[in-house]
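Fit chain B to the supplied structure of chain A, relying on the hints for placement.
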Amino acid sequence: MKILRMAWRNLWRNGRRTLVTVGAMTLALWAMVLYTSLMQGMLGSMESTLLDVELGDFQIHADGYRERPSIWERIEDPDAVLEALDKTGLRSTARLLGGALVASGEASTGALLKGLRPDRDAQVSDVYQRLDRGEWLDPADASGVVLGYRLARTLGIDVGDELIALSQATDGSMANDLFRVRGVLQSLSEETDRATVFLVEDQFRSFFALEDGAHQVIVRSGEGQTLDAAGEMAQEAIAASAPEAEVKSWRDLLPGLANMFDSAQAAVQVVAFVVYVVIAIMILNAMLMAVFERIREFGVLKAIGVSPRRVLALILTEGALQAALAIAIGLVASLPTLWFVTTRGIDVGQLGGTAIMGVSMDRIWTGAVSPATIAGPVFILLFIVGLAILFPAFKAARISPIEAIHHQ
Amino acid sequence: MGEGPVISLRDVTKVYRQGSVDIHALRDLSMEVQPGEFTVICGPSGSGKTTMLNLIGALDAATSGSIALEGRELGGLNKKELSELRRDRIGFVFQAYNLMPVLTAYENAEMVLWVQGVDAATRRERVMGLLEQVGLKGLEDRRPSELSGGQQQRVAIARAIASNPAVVLADEPTANVDSETAETLLGLMEELNREQGVTFLFSTHDPQVMERARRVVRLVDGNIASDERR
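Note that the protein sequences, when read in sequence, are chains A and B. Sequence positions in the first sequence follow the numbering used here and run 572 to 979. Sequence positions in the second sequence follow the numbering used here and run 20 to 249.
Don't read these hints as lab results, they were simulated from the structure. Every value quoted in this text rests on a predicted model; they were computed, and no experiment measured them. One should not assume that every hint holds.
[What the hints assert, rightly or not] Covered stretches of chain B (chain A as the covering partner; in silico rule of three or more C-beta atoms under 8 Å from a C-beta of chain A):
no.	region
1	71 to 79
2	116 to 127
3	130 to 140
[As the list claims (entries may be wrong)] Derived DSS-like pairs (lysine-lysine); straight-line CA-CA distance at most 27 Å:
no.	chain 1	residue 1	chain 2	residue 2
4	B	K156	A	K819
5	B	K156	A	K573
6	A	K573	A	K966
7	A	K966	B	K98
8	B	K99	A	K966
9	A	K658	B	K156
10	A	K819	A	K658
For each residue, glycine too, the CB sits at the ideal point set by N, CA and C.
Isolated chain A (complex conformation) (with noise of 0.2 Å):
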């Protein structure tokens, strides 16, 4: 308690000193908060981009087609696929992909076409709830299509506007077709983005005179399911429909991305630990400061026997009842500022869409608020002013009594 209270009237001795230290720190803990709810926010919006809207969890395949992307490289039977997943309470849906070249006017461009069934994909992907502007598919309307923002703009056309696709059908003839654009997607990821038209899956059939399979068919795994342990099942359900097919996890087929999503979290981490080390070395300089200017105390202690572990801790609380003022100023002044990022956002979209590794991020980029967004600068700010206040301690504490009363 004595060490308490002499800790927390040393600190005011040089009130001035202390509050600039305390500012310090807390202007740290506050940006590293923000930080680190924006770097969830980002992660978590490109993690749903990615899974909820472009891969899921899994994607079937025919044997050879990701190696050698081919029109006539299908799953024979994605009924039987879909049926088999279904029965295991998985959620999937089978697409439909195509190389064409697609034109508007003067303007042509090659294009990734995805067949689809409307209701059947929006069990499984949220493209549908991406729009930018216009309409999602619908099978009663049969010609419309919807693509990525980009490739609209590169053509020149709109909701609304004729786009025309050029293409190679399944029987050798020349596939094309005018179709109409019932709406532009908002920023999904750089190949949606560039080169995707989507439309209903029996106008991609007659298009290409395809009649059955599929190529591709996306899967979800189940509430709390790993995804190790979705993957087998997936694999076990499939057997006997599609014994050739390979299941995939979105971690094999984009393993830098995955990497990168694991080691986020580590990165946000060494941010905030290198802006930390700023502070520690401004910590640092404080206590020196004031162990400096109080060595002849610290001899006086010595020399009236209060023991080294005394001044150690001694300095070890003014330390901490600095950080603990910071803790409490910086979490509250959080508070209104995470309120903001998290409900209302920041608009990056005037930087006309933003992306990291073929991925988009939200065009309102939000922040994510969990325990570690709290906890994690909370724990960091608290090792490094405790790594930085170490060696005033013990400088303190291994005092010579004897030099450090006559200390001038």
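Same frame as chain A, now just chain B:
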């Protein structure tokens, strides 16, 4: 307080090395201090007074010879034991008072008792009595900056004797106060010596202190030139 001398120095030598030069602060010095003595160590600057107090106070170690406090050889004690010895058996009064500026007079005076682990009620009883004895009743809650030099030195004396030490070592205790205050402080320490048997060992230049001492040890060049009992 046991039988025999409180302090015993036998052939004590202290050599400081400054660069390549050895400086003999004390040379084969031998001396004893008996319980209840009121002794002054005097001598010119550099004669070894402060060195002698530092060695007796277990703040420094002799180069050779032996020093014993209440028969206990200091040379055989480790740092922790020396620290405990200072805490329990030695009181210090410094020239510059050396009080903790963030603590009140009461808190400064009770510091040693707190370090010893004495319970709060006992501390309070003992320290309030001591502060009254040294004439600081009513000033317990003042910090050193709110006290005069003489009052600060009284707090230091109260702190030094709070744990009933075997000896109080006072290094130039009147050097920073005017002669009237010095007279009052000396009267106080004399009273403590006379009435409570507290053993005092001073180092000083102050003739006022030397006049009141019952034993005056004069050091010259690190050894005893005279040892006069009155």
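Hints, one by one, checked against the model:
Counting residues of the region 71 to 79 of chain B whose CB lies closer than 8 Å to any CB of chain A gives 4, which reaches the minimum of 3, so the coverage claim holds. With 6 residues carrying a beta carbon less than 8 Å from a beta carbon of chain A, the region 116 to 127 of chain B meets the three-residue requirement, and the given coverage holds. Under a criterion of three residues with beta carbons nearer than 8 Å to beta carbons of chain A, the stated coverage of the region 130 to 140 of chain B is upheld, 5 such residues being counted. A hinted pair counts as satisfied when its Cα atoms are at most 27 Å apart, and K156 (chain B) with K819 (chain A) does not qualify at roughly 85 Å.
Using a Cα cut-off of 27 Å, the hinted pair K156 (chain B) and K573 (chain A) holds, with the two alpha carbons roughly 22 Å apart. Between K573 (chain A) and K966 (chain A), the direct Cα distance comes to roughly 21 Å. Compliance with the 27 Å bound is thereby established for this hinted pair. A distance of roughly 16 Å separates the Cα atoms of K966 (chain A) and K98 (chain B); the hinted pair therefore holds under the 27 Å criterion. A threshold of 27 Å between alpha carbons decides the hint, and for K99 (chain B) with K966 (chain A) the separation of about 17 Å falls inside it, so the pair holds.
For the suggested pair K658 (chain A) and K156 (chain B), the alpha carbons sit about 90 Å apart, so the restraint of at most 27 Å is broken. Among the hinted pairs, K819 (chain A) with K658 (chain A) is consistent with the structure: their alpha-carbon atoms are about 20 Å apart, no more than 27 Å.
Violated hints, listed in ascending order, are 4, 9; each of the other numbered hints is respected by the structure.
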